[in-house]
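Chains as they are written, first to last, in our numbering: chain A, 1 to 615; chain B, 616 to 848.
Watch out, some of these pointers could steer you wrong.
Label-pair ranges, simulated between beta-carbon atoms [said to hold, decoys possible]:
no.	chain 1	residue 1	chain 2	residue 2	range
1	B	Gln813	A	Trp29	53 to 61 Å
2	A	Val47	B	Gln742	42 to 50 Å
3	A	Ser566	B	His832	20 to 28 Å
4	A	Ile350	B	Pro709	50 to 58 Å
5	A	Ile254	B	Leu846	54 to 62 Å
6	B	Ala803	A	Ala497	52 to 60 Å
7	B	Leu846	A	Gly474	49 to 57 Å
8	B	Gly814	A	Ile518	31 to 39 Å
Calculated directly from the structure, the hints in this document are not laboratory data. Here the structure is a predicted model, which means the values were calculated and not measured. Backbone N, C-alpha and C define an ideal beta-carbon position, used for all residues, glycine too.
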Amino acid sequence: MSMEKRVAVPKEAHAQEQAHDHHEPQSFWTKYVFSQDHKVIAIQFTVTALFVGFVGLVMSWGMRLQLGFPGLFEFLNPNTYYQAVTQHGMIMIIYVLTAILLGGFGNFLIPLMLGARDMAFPFVNMLSYWVYLLSVIVLLASFFVPGGPTGAGWTLYPPQAILPGTPGSDGGIVLMLLSLVIFIAAATMGGLNYVTTVLQLRTRGMTLMRMPLAIWGIFVASILALLAFPALFVGGVMLLLDKVAGTSFFMPTIVQFGQKLGYEGGNPLLFQHLFWYFGHPEVYIVALPAFGLISELVSIHARKPIFGYRMMIWAILAIGVISFVVWAHHMFVSGMNPYFGFFFATTTLIIAIPTAIKVYNWVLTLWRGNLHLNTPMLFAIGFISTFVIGGLTGLFLGNVVVDIPLSDTYFVVAHFHLVMGVATILAIFGGLYHWFPKATGRMLNETLGKAHFWVTFLGSYAIFFPMHYMGFLGVPRRYFDFEAFDFIPESMAGLEAFITVAALITGAAQFLFVVNVIWSLAKGPKAEPNPWRATTLEWQTPTTPPPHGNWGPTLPAVYRWAYDYSVPGAPDDFIPQTVPVAAPVAAAPAPGTVTDGGGGDGASDGSEPTKRDGE
Amino acid sequence: MATLTERKTAEGAPTRARGGLARRALGPGRDGPGFGNGQGRGDGGGDGGLNPGGAFALPPLKIGVWLFLGVATILFSALTSAYLVRMGLADWRPLPEPRILWLNTLLLVLSSAALQIAWGAARRGLQRAMRQALLAGGLFAVLFGAGQLAAWQQLQALGYFVSTNPSSAFFYLITALHGLHVLGGLVAWGRTTRRAWQGLYGPRNHVGIELCTVYWHFLLIVWLAMFGLMLAT
Numbered sequence: 001m002s003m004e005k006r007v008a009v010p011k012e013a014h015a016q017e018q019a020h021d022h023h024e025p026q027s028f029w030t031k032y033v034f035s036q037d038h039k040v041i042a043i044q045f046t047v048t049a050l051f052v053g054f055v056g057l058v059m060s061w062g063m064r065l066q067l068g069f070p071g072l073f074e075f076l077n078p079n080t081y082y083q084a085v086t087q088h089g090m091i092m093i094i095y096v097l098t099a100i101l102l103g104g105f106g107n108f109l110i111p112l113m114l115g116a117r118d119m120a121f122p123f124v125n126m127l128s129y130w131v132y133l134l135s136v137i138v139l140l141a142s143f144f145v146p147g148g149p150t151g152a153g154w155t156l157y158p159p160q161a162i163l164p165g166t167p168g169s170d171g172g173i174v175l176m177l178l179s180l181v182i183f184i185a186a187a188t189m190g191g192l193n194y195v196t197t198v199l200q201l202r203t204r205g206m207t208l209m210r211m212p213l214a215i216w217g218i219f220v221a222s223i224l225a226l227l228a229f230p231a232l233f234v235g236g237v238m239l240l241l242d243k244v245a246g247t248s249f250f251m252p253t254i255v256q257f258g259q260k261l262g263y264e265g266g267n268p269l270l271f272q273h274l275f276w277y278f279g280h281p282e283v284y285i286v287a288l289p290a291f292g293l294i295s296e297l298v299s300i301h302a303r304k305p306i307f308g309y310r311m312m313i314w315a316i317l318a319i320g321v322i323s324f325v326v327w328a329h330h331m332f333v334s335g336m337n338p339y340f341g342f343f344f345a346t347t348t349l350i351i352a353i354p355t356a357i358k359v360y361n362w363v364l365t366l367w368r369g370n371l372h373l374n375t376p377m378l379f380a381i382g383f384i385s386t387f388v389i390g391g392l393t394g395l396f397l398g399n400v401v402v403d404i405p406l407s408d409t410y411f412v413v414a415h416f417h418l419v420m421g422v423a424t425i426l427a428i429f430g431g432l433y434h435w436f437p438k439a440t441g442r443m444l445n446e447t448l449g450k451a452h453f454w455v456t457f458l459g460s461y462a463i464f465f466p467m468h469y470m471g472f473l474g475v476p477r478r479y480f481d482f483e484a485f486d487f488i489p490e491s492m493a494g495l496e497a498f499i500t501v502a503a504l505i506t507g508a509a510q511f512l513f514v515v516n517v518i519w520s521l522a523k524g525p526k527a528e529p530n531p532w533r534a535t536t537l538e539w540q541t542p543t544t545p546p547p548h549g550n551w552g553p554t555l556p557a558v559y560r561w562a563y564d565y566s567v568p569g570a571p572d573d574f575i576p577q578t579v580p581v582a583a584p585v586a587a588a589p590a591p592g593t594v595t596d597g598g599g600g601d602g603a604s605d606g607s608e609p610t611k612r613d614g615e
Numbered sequence: 616m617a618t619l620t621e622r623k624t625a626e627g628a629p630t631r632a633r634g635g636l637a638r639r640a641l642g643p644g645r646d647g648p649g650f651g652n653g654q655g656r657g658d659g660g661g662d663g664g665l666n667p668g669g670a671f672a673l674p675p676l677k678i679g680v681w682l683f684l685g686v687a688t689i690l691f692s693a694l695t696s697a698y699l700v701r702m703g704l705a706d707w708r709p710l711p712e713p714r715i716l717w718l719n720t721l722l723l724v725l726s727s728a729a730l731q732i733a734w735g736a737a738r739r740g741l742q743r744a745m746r747q748a749l750l751a752g753g754l755f756a757v758l759f760g761a762g763q764l765a766a767w768q769q770l771q772a773l774g775y776f777v778s779t780n781p782s783s784a785f786f787y788l789i790t791a792l793h794g795l796h797v798l799g800g801l802v803a804w805g806r807t808t809r810r811a812w813q814g815l816y817g818p819r820n821h822v823g824i825e826l827c828t829v830y831w832h833f834l835l836i837v838w839l840a841m842f843g844l845m846l847a848t
């Protein structure tokens with residue numbers, strides 16, 4: 001593999017004191033398209049995910065148009081409605097949030113924040129993007145097969161997902177499952193890379209307990225992805241076989257239209273367990289990186305050390321572990337053994353504790369901070385707001401007795417959109433505004449950014465807050481229209497229309513970001529290397545944007561944690577991680593002293609030749 | 616990879632008392648202001664083989680492969696639990712396992728053993744033995760794959776197709792997924808063998824063969840577990 005070729009490079013490169021030159025790719029194609037540079041791959045992931053996100057956004061508009069103005073639009077019938085619901089959910093959760101947080105931010109930040117030149121396996125990293133792109137293409141191809149994309153709901157529950165009568169139950173569901181299997185291959189390649197890089201390529205002095213929380217979040221989320229996705233893989237392959245090979249893994253005996261189908265004796269509940277064994281950790285696969293990004297933004301833009309750094313890490317780890325034993329809280333109404341519900345309700349409420357610790361720590365970081373209310377900070381505060389509201393309703397839904405009546409209503413829609421959709425998207429945009437100057441070398445427009453924030457933030461509340469109320473009224477979710485429901489008051493129609501208008505405006509406001517990016521790339525002001533005056537390594541690169549290889553001839557060394565803001569007595573209100581603790585002057589080497597970068601160890605000397613193997 | 620072999624000079628880096636692997640990497644926790652005071656100096660500077668970072672003393676590839684083994688373990692565990700659940704349902708009919716599976720198991724054991732020998736030979740610098748054992752390992756693995764295909768054919772001749780009943784469906788699914796892992800392993804084996812012929816492995820440098828061997832043992836363990844699971848019904 002390509003890594004081999006490069007193994008010998010740095011030595012030679014060091015001789016020339018131009019290590020990074022050797023990372024420079026040779027042609028347009030290897031530089032911008034088939035690049036192995038983690039930063040280019042990060043941008044590829046981000047742009048692709050934002051494009052798919054646009055498709056997901058259009059799907060949600062389709063849904064809202066029907067709900068707000070039922071019957072007004074000819075192209076919306078029950079089939080297209082369910083297809084829109086399904087594709088919106090699947091696209092947003094898997095192909096947007098997961099891809100952008102791990103593939104985008106993970107790729108960009110891990111090597112830069114850790115002081116590495118690239119990922120551990122750059123070729124596999126590149127492959128990860130192209131396989132992801134393939135999964136996106138297969139997914140979008142399902143829009144063009146006869147019958148259209150699947151409309152089975154994003155959870156793809158059998159038996160209805162693969163039976164005639166469900167929209168897209170021919171080619172649509174097959175391509176959907178294929179796309180998921182391909183996506184899992186991509187995510188696995190990425191995850192192996194992220195975890196290995198965090199473990200092995202930290203620069204000297206960068207101990208695990210000095211890593212920025214963004215890296216901690218991405219690191220633990222990558223581990224969760226590696227452990228959770230195989231279950232979806234197995235479930236997806238088995239469902240695919242039920243569909244195309246006529247097996248009965250999940251399919252019970254079914255009589256449809258008076259005819260007994262070929263299926264016999266399968267267990268649909270089994271699919272739900274496999275799906276949610278993946279599905280709940282998936283929530284944290286997107287939430288933990290978002291937590292990490294928010295920790296960075298809050299600390300940097302409040303000019304204060306993050307409150308309770310160590311506790312933040314333990315909270316991340318605790319959430320990571322507990323997230324594997326809460327999955328069946330998605331299945332309280334599935335007909336599983338009620339004792340399961342008791343167990344999973346308990347674990348669900350327990351996971352609220354580390355999550356609450358994180359929220360307290362963000363708020364306490366803000367407390368009496370020197371708040372700079374620029375665009376990234378606004379998004380970060382917006383995240384805390386929607387995450388708290390969405391999290392609180394999660395406590396309601398975690399209780400079986402409350403969940404059962406609310407489970408099929410808009411209360412659930414409000415809950416998971418605020419906590420997982422809106423909050424995470426706000427974190428992503430905060431991160432995009434924050435790191436855009438480093439990635440492109442240009443600043444974004446603050447006015448456009450703030451307009452984007454306020455419309456998105458207020459719009460999201462306008463959309464989802466009323467849904468709590470609708471949920472209490474018992475308005476069922478997933479329904480195409482509500483004509484025959486006498487208990488739903490007439491006035492609900494007005495609320496639905498209001499939500500739809502809010503959704504159209506909020507969705508359209510996302511184009512402010514696109515405009516902002518285009519404006520910035522065309523004539524945005526040049527970014528300083530460290531515009532936010534941040535401590536972490538990515539802001540200390542010799543050039544902005546950093547070239548392939550990131551650092552000059554030498555890698556940075558790390559002397560302190562990532563949150564030295566407003567240190568009393570320091571000349572600036574931040575001290576970069578690369579500044580030695582005692583004296584800012586470079587110290588003379590003391591020969592013979594047993595030293596190495598904090599986390600690294602001389603023990604590695606002995607294994608050096610092994611490392612050189614470079615496979 | 617490149618970064619690992621980096622030779623670099625740093626102006627200095629904090630020193631730290633050595634501890635266990637975990638302690639080394641975790642460090643002292645919150646390094647607030649003042650933490651590590653006076654330690655920011657004293658690196659020998661450019662002393663070559665130093666690891667560039669807070670890394671564990673393992674090649675990244677080793678970590679990558681072990682992580683992948685973890686992922687594959689989850690995959691087959693999920694499959695096993697699905698198997699056990701499905702087995703408990705009313706329409707389960709045990710499958711007559713073709714006898715050739717015993718031969719295949721033997722082939723996989725031989726394959727695994729051959730690679731173990733290749734690894735041992737590499738450590739002792741016995742190039743010829745290493746290459747022969749590598750070849751034998753690959754050959755046995757290919758034969759194992761052929762044997763699995765033969766098992767499929769025998770089952771089909773008996774009238775057991777994928778959709779005939781749940782146990783046959785699981786049989787085809789499990790053997791196919793395991794076979795895919797064998798195929799992927801053969802790709803890595805091909806690269807390793809090529810590098811072995813290029814003389815890239817020796818007593819101090821055999822991580823490629825080691826990881827191939829570890830992976831083969833994993834394939835064997837998974838197969839034994841899966842075969843045992845299928846026999847148990």
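Tested hints:
no., hint, verdict
1, B:Gln813 / A:Trp29: 53 to 61 Å, "violated (28 Å)"
2, A:Val47 / B:Gln742: 42 to 50 Å, "holds (49 Å)"
3, A:Ser566 / B:His832: 20 to 28 Å, "violated (54 Å)"
4, A:Ile350 / B:Pro709: 50 to 58 Å, "violated (41 Å)"
5, A:Ile254 / B:Leu846: 54 to 62 Å, "violated (31 Å)"
6, B:Ala803 / A:Ala497: 52 to 60 Å, "holds (59 Å)"
7, B:Leu846 / A:Gly474: 49 to 57 Å, "holds (52 Å)"
8, B:Gly814 / A:Ile518: 31 to 39 Å, "violated (54 Å)"
Hint compliance for this structure: hints 1, 3, 4, 5, 8 are not met, and every other hint is.
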